[in-house]
Structure formats: structure tokens, C-alpha cells
Amino acid sequence: MARADQKFGWLELRPGGLYCAPADIYIDPGRGVPNAIITHGHADHARPGHGKVLATAETLAIMGVRYPADTPETQALAYGERITIGGVHIWLAPAGHVLGSAQVALEYGGERIVVSGDYKRRPDPTAAAFEVIKCDLFITEATFALPVFRHPPAEQEVQKLLTSIAQFPEQAHVLGVYGLGKCQRMLSLVREAGFEEPIYLHGALIKLTELYQGFGFDFGDVRPVAGTDKAELATALIFAPPSAIQDKWSRRFQNPRTAVASGWMRVRARARQRGAELPLVISDHADWDELLMTCKETGAEEVWITHGREDALAHALIAAGQRAHPLCIAGREEEAA
Amino acid sequence: MQVFASLLDALAFTPSRNAKLRLIGDYLRTTPDPARGYALAALTGALSFSGAKSAVIRGLVAERVDPDLFAMSYDYVGDLAETVALIWPEHPRNAPPPTIDTVVDELSAASRAEVPRLLEAWLDVLDADGRWALLKLATGGLRVGVSARLAKVALADAFDKEAAEIEEIWHGLEPPYPTLFDWLEGNGSMPDPGAGAGFRPVMLANPLDEAAIDKLDPSTYRAEWKWDGVRVQAVSRNGEQRLYTRTGDDISGSFPDVVAGFDFNGVIDGELLVRGEGKPGIDGLVPVAAFSALQKRLGRKRPSVKLQQASPGMIRAYDMLFDGDEDVRGGTFDERRARLEAWGTTAPDVFDISPLVPFASWAELIEIRAGARADGIEGLMLKLGAAPYTAGRPQGPWFKWKRAPLTLDLVVMYAQRGHGRRSSYFSDYTFGAWTGDDTLVPVGKAYSGFTDKELAALDKWVRANTTDRFGPVRQVAPGLVFEVAFDAAQRSTRHKSGVALRFPRIKRIRWDKPIEEADRLETVLALADG
Ligand SMILES: [Zn+2]
Chain A
1 MARADQKFGW LELRPGGLYC APADIYIDPG RGVPNAIITH GHADHARPGH
51 GKVLATAETL AIMGVRYPAD TPETQALAYG ERITIGGVHI WLAPAGHVLG
101 SAQVALEYGG ERIVVSGDYK RRPDPTAAAF EVIKCDLFIT EATFALPVFR
151 HPPAEQEVQK LLTSIAQFPE QAHVLGVYGL GKCQRMLSLV REAGFEEPIY
201 LHGALIKLTE LYQGFGFDFG DVRPVAGTDK AELATALIFA PPSAIQDKWS
251 RRFQNPRTAV ASGWMRVRAR ARQRGAELPL VISDHADWDE LLMTCKETGA
301 EEVWITHGRE DALAHALIAA GQRAHPLCIA GREEEAA
Chain B
1 MQVFASLLDA LAFTPSRNAK LRLIGDYLRT TPDPARGYAL AALTGALSFS
51 GAKSAVIRGL VAERVDPDLF AMSYDYVGDL AETVALIWPE HPRNAPPPTI
101 DTVVDELSAA SRAEVPRLLE AWLDVLDADG RWALLKLATG GLRVGVSARL
151 AKVALADAFD KEAAEIEEIW HGLEPPYPTL FDWLEGNGSM PDPGAGAGFR
201 PVMLANPLDE AAIDKLDPST YRAEWKWDGV RVQAVSRNGE QRLYTRTGDD
251 ISGSFPDVVA GFDFNGVIDG ELLVRGEGKP GIDGLVPVAA FSALQKRLGR
301 KRPSVKLQQA SPGMIRAYDM LFDGDEDVRG GTFDERRARL EAWGTTAPDV
351 FDISPLVPFA SWAELIEIRA GARADGIEGL MLKLGAAPYT AGRPQGPWFK
401 WKRAPLTLDL VVMYAQRGHG RRSSYFSDYT FGAWTGDDTL VPVGKAYSGF
451 TDKELAALDK WVRANTTDRF GPVRQVAPGL VFEVAFDAAQ RSTRHKSGVA
501 LRFPRIKRIR WDKPIEEADR LETVLALADG
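Chains as they are written, first to last, in this note's numbering: chain A, 1 to 337; chain B, 1 to 530.
Any given hint could be a false lead.
What the hints assert, rightly or not - For lysine-lysine, the following DSSO-like pairs were computed, each having C-alpha atoms within a straight-line distance of at most 27 Å:
{"hint": "1", "chain 1": "A", "residue 1": "K230", "chain 2": "B", "residue 2": "K279"}
{"hint": "2", "chain 1": "B", "residue 1": "K453", "chain 2": "A", "residue 2": "K230"}
{"hint": "3", "chain 1": "B", "residue 1": "K279", "chain 2": "B", "residue 2": "K301"}
To be verified - Per the computed footprint, the stretches of chain A lying under chain B, defined by three or more beta-carbons under 8 Å from a beta-carbon of chain B, are:
{"hint": "4", "stretch": "33-46"}
{"hint": "5", "stretch": "309-318"}
Just so you know, the hints here were simulated from the structure itself, not pulled from any lab data.
Beta carbons: idealized from backbone N, C-alpha and C, even for Gly.
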């Protein structure tokens, strides 16, 4: 157990996740807890089974779609709206990751801690732009924390897809996208690039896309794959979860060109593993340069690193003169002590 | 360079041959000279630079990147050129990226000591894809799944020419091929292939439709044995000797023993074989070793003297393209045959002449074919006596008539997912025969031959009968029999069963057949020995 009088001792890693003792609340806990702050709706951050959930209205709505049977007490918090629990001042700030995604800012005993959740720094028409918050301790994600991950401009990657559609007009193009965030961002980007044909959605993508539409996003002519004539699909642009591309589901299309939009597509071996003929390097996470830039811009004296390649980022931050710890190791040490 | 990089990138991820042809063709049609010429040279493997070794590239990146971060990244990515391309620090670029022609010109002209600074300057102004393409180009291993042949076919398709026309003139051309593109775009005449030892495109046969054989007049056709070797072209002109595969790959280096014997002047079409031992083969010809001996030699770029002596190469000639300096391709098969036989009386020892197989009627030939199971024979060739030597695969003059396949009933043992369109199905199967102690031993592996409906049914069966998994491979419980057709069985020390099947393919799924009634290993071995 951490001691509360230790620096940042009021935020600790427990088996359930990051825990703020004075407020008796977890952030993105991995199991059901009485009180939780949820940064965003992805399943590895938002789990069902909590007593009370604090999140943005968008995240609460996403959780409602994902876990219709789960009915915790909820409290919606707008970006920048402050509340105080057990003497801890808490507010949420945009993380730029997906619709409703937030960083959690916590102030207590003269210290300010920011938990980033997942974030990116690139513009995204479907997510409010990341806001830098000055803090003493910054807890950052590290999904793409290797210097080989430098995302190219998303517009350039979308153009690859449109070029292929023009070059292979007689083939269907099946684009693998995650259901929350990537799907809707890609819909927006493809429309912004001037593609006006209907876009067909795999069943697993429909509910969340409708939710975005409910929040006012316009994706043009979007139709379900189910119930659509085979001939109509034969030359269409179709969005599906990445797993469906190598699955039985894709058999319904004659000879499709398969694309996948993900930051992992930067590495060829990973792209091949996914069966992508058209890997589009488009990510909803910060790339290497952005991780370093963000850690610096927060002015934090200390950075804890979680969710990814902690070793590489810690190495680089330390080399740049910041204190940095991989969070999993810090957690283990505290448990041992 | 960026456009070329996009092309390489697209090719590397596109498995379909047709899609590759289109990607290359579109590039060659729309890219200006001389960039497209150098790109074509790169794709056909016609470029090589000596100063850009991987040690140079490691040295460059070490000057720019923290060694620990590089090590972690290289460990993750697994490929040096790719790691360097991705990790190279980016700054606002103050110069435009180089064109591929600049890269090729300057790399060719640079001394070994100058190469690192050249590469460094280009790496600073290219994006990640461009850097990857640059490093692949400079170090000489594109590895994007494009053969020289495929690139030439794409070029021909893009400009509505025959691939054979490109092959005919290819060996006289130098990058960036200005005369070639002038001709392709109608701004010049066809380049002259000259008198060198270049490859000449070969004439290919179509499979014979047995049901329609009666429509052909037997007196107008000549029959030859179809040899189970590798089709080659032996060229010896103006003091230069070369051995090519039928797609124009130069394999002289793999067969120094054969090329050393090219003491003649002309171009000969024939079958590359390995001399066997023992009694003479069919028609009193030199005995031929099993195909596996040839395969072993094909795999060696620099064969040892020992291997050359143990498996000596030879060529069984069946056609002539140049008799001395005279191009005889316009003559009829009969005329060329007469020249070939005359030449054969004084031909070097590495050659012998493939004899004609006399026959009076199709019925007689059918009988000859049925009896032909000697070593090294795959079946028969039929060639129209009056036909000239026409590059490509013209309909009508040449037929290949493989002997009837052998079949066995074998038990399915392993299933594996296919590639491309079939990647969601189990389409590759390993099957086995029963041994003396009633266990199964694998004797072959095949894919193909299934309808989508059959694939779906097999898929279901495999899922229900999986007993173990190793990566993409599933082991299944014995329970299903395939009727497997193949061309021959051969003794093999490399296989646990002691036997290998040539060209196995699945003829039928025998849902009805009890596995106990599948064939036994001794039956398979008897086929190899008979
Ligand atoms: Zn996320």
C-alpha cells in the first residue's frame, strides 16, 4: 500500500486499477467496483458491473449501447465541469481519442495529477481535440511507444483507399475498422475526401454509428450489408470489424480488396498478419513523437506509463530529463512493500 | 521516388497476379521517362549497386538514433531496411525528394566512400515509404513478389503487345530503355535484338483435349516423348554461351557442367535432365535420374564439383531456333527437325536428340501412351509438321498429352488455411497411407480441385474433427478419404514415408469410403518401383 503522505500517494495502483483513496474512486478499473471514472467507451477501459459511473455524456451513452443490461448509477460530466469528492477536485478534459473520450484531472493536497486515458493529437472530426493540462504527474498511455510508429497524415492514407477504388473499380473494397471511433472517423474522412457512393456497414458497426449520428454526425449514405443484394456489394466500399476480414463473413464478396485502418499497419509484418492488401496507417492513438511532445508539454515532473511499450518511452523520457516509471512495475513494487 | 515507393508498397501487399499486373502496367503507362525505365530495371532485377551494404545503413542510423531505442525497434519490426525507414528522424524538409533516376544515376556513379552521404541526404527528404523503397533499391532486394517475367508481362499488357515480343528484344536493351518505350508508344521501330546470346521467347503447347483428337489428322502431326525435366534454351552465339529457363531466367551459373559443353553455334530448345545410371532408357537413350536429382541441382546457384559429378546435367534437344547465325524459326517443324537431326550427328556430348515416336493412327498412339511409364517420361507431345516456331502459346500447332494420372485413396491427416480469396477456408490438405502397423504416414500434400460448396463442407468437417493445432495447421482425426491423382511416385529419402508423389491433386472427396479401405504404403511404394 502507498502511504498518503508520500508524493502522489493519494493515487495508487490496486489490483482493480488506478485508485484514488481520498475520493474512493477508480479510474478505468478492470473489474466491477463501487465507484468508477471512465475515460472512454473502449472495452479495455469501460467495463460493466460498476456501482456508480462518472464519465462524459457521450461515454455513458456508448456504454449504454455496449452493455444494455448493465444499469449503474451514472453521473455525466461535461468537459471542464468540476466536482469535488472527498476533498479531491476532479474534472474531465478532451483526449481526442474517440467521441466522448476524456483525460481525468485530479487535484488534492496541492498536487495535480492527469490520467490521459487513450489519446491522440491529430485532428479528428468525430472527437474533441486533445487539451494539454499542466500537471505534476502525468499518467500516459503508450500503445505506439516505439520510435518506428510515426503516423503519416490521415488524408494521405485515405487517398490510398480512394486510389485503389479508382484503380480496381470492378472489385469490392472491404475496410477493417474498430467499431467505436475508427469506423466513424473513417466514414468522416472518406466523405471529406469526396467519396459520395453509399458505404455499407457490417452489422457489428451499425449501432455505434447510429449513436454518433444521434449526436449530430452526418456520414452521408450509409447502409447495412445485411439484406443488400450481392450484385450491389460486388463493387462497393464496405466497412467491417478487422476480425471479419479473415472470417467466414467475407466470403460473400467476390474477390474483394481488403484494407485495414490501424496504427499497427505501419509495420509490414503486422499488416500481413491481418491479411491487409491495403494497409492504411490511421491511428486514434498518439504516435511516438506525440507521446514525447505531450509528456513534455504537460510540464509534469513525473510520468507514469501504462498500456503499451512502457520500456521504450520510459527510456526516452529519462534520457530527456523527466522522471518516468512504467506503471505496472511501480504497482508491483508497492504491493511488495 | 515517391511514386515508385507507392508502387512497391502496393505490390508488396497485393497477392493477386492480375492486380499486380495492373499496378505495374498503370505505373509504366503514366510515369515519364526515364523514371519508369529505371523502375522497370529495378523490378526485373537489372540494377545492382555495390556500395550500399547493410553495414553502411546500420552506421547511418547509429549516427541519428539512440542505440537502445533502435535495438528495441529492430527487435519489434524484424527487418533492417524497414526499421531504418520507419525510425529515421523527420524534420521539415528543405529539399524535394529525389527522383528514381537521380538515385540510380548517382548511386551508379558514386564511389564506395560516397555512398553513405548520398543515402543520408536522400533519407532526410523522403517519407517513410520513400525511405523503405530507397533502401530496398539500394541494397538490391525488392522482395515484393514480382518476378522479371511478371514485370515484362505487365509491360506488354500495358502497351497491347505480346510478352514474347518484349522477351525477343529484352536482352539487347539497357536501362532506362529509351528505344523500348519509344517503340511501345509508337514513336520508334522495334529495337533490334542483335546477334548476342540473348534469350528468345519459346513456343508453348496446350493440353490436348482427348475427346477431340479425332478432329486432328494424324498424318500431319509428329509425336515426341514429353520428358520430366525442365524446359530450357541453350544459346551459343558469337563466343557467348547461356542456358535459360523457358521464362528467360539465366541459369548458366547453376549448370557450369552443361554450359561448358556448348561447343556449337546456334539456339537449341530442349529438356534439361540429370543423367541416371544403369541400363539405357527408352529407345536406347541415356538413362535419366529422378526429377528430385534435377530439383536439387536447380536449387544450387554454385554447385559443388561433387554434386556436378554425382548428378551430371544434360540436354535432350527437340527443336532449333537458330542454326548457326540463321534464324530458322520461320521454317516448318519438319524443316527444323531435319536441321536438328543433322546437327545432332556432330552435337557436343551434353546433348542428345529427343527421338520422334512413330505412329500410324491415333489408336496406336493412345496405346503407346498408355504403356509409357518409363523413367523420365511424362507423356507425349504432338507437334504439327507444317507449323513455324511461334513464340507464346498459339492454339493448335503444339499439344501436350500427359499420360493418364495414377490415383490412390488416401486418408486426410492435416488441413491448412489457403491464401488470398481462399484464406478463410481450409484448402490445403496433407494425406497419408496405412503402414504395416496400421498407423498413417503422410505421403503428400495438395490443394485445388474443390468447388466452393465442397470447401464449405470440408471446412465444417475439419472444425468438427480437429485434434490439435500448430499455427495455421490443424491435425484431424482419421475419418475422411480423398481420391488423389498424381503423375508418378518416386522413392525419396527426404520423406518419412520413403516416397514422394509428383503433382498430386485431389480428384474427389470420398465421403462414402471407410478409412480402412484407403490404400496402404506398400501399394504406393510399388508404384514408385514399377
Ligand atoms: Zn481506446
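Structure-based check of all given hints:
Our distance criterion of 27 Å between C-alpha atoms is broken by K230/A and K279/B, whose separation comes to about 63 Å. Pair hint K453/B plus K230/A holds up; C-alpha atoms about 17 Å apart against a cutoff of 27 Å. Simply put, K279/B and K301/B have alpha-carbon atoms about 31 Å apart, too far for the 27 Å limit, and the pair is violated. Counting residues of the stretch 33-46 of chain A whose C-beta sits closer than 8 Å to any C-beta of chain B gives 0, which falls short of three, so the coverage hint is violated.
Proximity of the stretch 309-318 of chain A to chain B, defined as three or more residues with a beta carbon under 8 Å from a beta carbon of that chain, is established by the 5 residues found.
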